[in-house]
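Novice: First to last, the sequence lines map onto chains A and B. FYI, our numbering numbers position 12 of the first sequence as 12, with every residue one higher than the one before it. FYI, our numbering numbers position 13 of the second sequence as 13, with every residue one higher than the one before it.
Simulated from the structure, these hints should not be mistaken for lab results. Check before you lean on any hint, since a few could be wrong.
[Stated by the list, open to error] Cβ-to-Cβ under 10 Å is the rule here; a few derived chain B residues that face chain A:
1. S9
2. Y25
3. Q45
4. T51
5. A54
6. N94
7. D104
Beta carbons are placed, not taken as given, at the ideal position from N, Cα and C, and that holds for glycine.
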Amino acid sequence: GAGVSQSPSNKVTEKGKDVELRCDPISGHTALYWYRQSLGQGLEFLIYFQGNSAPDKSGLPSDRFSAERTGGSVSTLTIQRTQQEDSAVYLCASSPRGLYGYTFGSGTRLTVV
Amino acid sequence: AQSVTQLGSHVSVSEGALVLLRCNYSSSVPPYLFWYVQYPNQGLQLLLKYTSAATLVKGINGFEAEFKKSETSFHLTKPSAHMSDAAEYFCAVNTNAGKSTFGDGTTLTVKP
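Just need the whole structure built from these sequences, with the hints factored in.
Specialist: Put into structure tokens, the structure is as follows:
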């Protein structure tokens with residue numbers, strides 16, 4: 001596609017429920033990144049994909065967080081048993097190579113109530 | 001290891017005045033440096049990047065940044081601020097083609 005597409009744009013969920021966030025990167029971009037942006041804070045790295053592999057998942061906060069990428073394209077970030085501290089904007093970015101800079105999606109705003 | 005420090009979480013300038021947003025980095029290898037802009041309720045947009053070519057880098061919307069190795073700095077400037085420049089600006093460093101590390105951001109306010 002022309003840009004990085006994320007869905008849903010907004011998600012309100014009850015504490016304890018599971019959520020799935022989707023990212024559709026720019027066609028041909030082999031690198032894909034997930035970041036989290038909490039209110040008034042900077043960007044927190046979560047995970048990085050090169051193709052379908054995740055060479056760096058060091059930023060995942062706990063084992064409730066997981067992500068996968070299939071076909072070298074779409075990625076899904078799953079949060080199990082959501083907690084209120086998971087509330088944030090989840091940003092996805094893609095790049096032909098990380099050193100070229102990223103193209104970001106508009107993000108998914110997750111609110112856990 | 002890599003890190004970025006943005007000095008000043010909030011900067012306010014008058015319309016037409018010089019914009020200067022500060023960024024210092026720490027890196028054990030030659031870095032690639034980036035500035036991104038985030039307008040309200042939008043994702044981040046790449047403003048400009050330094051990739052070891054010219055040390056003075058020009059970006060979109062009249063912004064530019066200069067890489068100074070001796071000062072480990074990559075400050076963002078614009079000669080004359082416009083109301084539409086009001087946004088949050090993030091500096092980022094990447095050294096290994098993997099993840100970029102972002103600063104905490106600087107919110108730019110432009111007064112009429």
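Novice: Hint by hint, say whether it matches the structure.
Specialist: Hint check results:
{"no.": "1", "hint": "S9", "verdict": "holds, 9 Å"}
{"no.": "2", "hint": "Y25", "verdict": "violated, 14 Å"}
{"no.": "3", "hint": "Q45", "verdict": "holds, 7 Å"}
{"no.": "4", "hint": "T51", "verdict": "holds, 7 Å"}
{"no.": "5", "hint": "A54", "verdict": "violated, 16 Å"}
{"no.": "6", "hint": "N94", "verdict": "holds, 6 Å"}
{"no.": "7", "hint": "D104", "verdict": "holds, 4 Å"}
Violated hints, in rising order: 2 and 5; the structure is consistent with all others.
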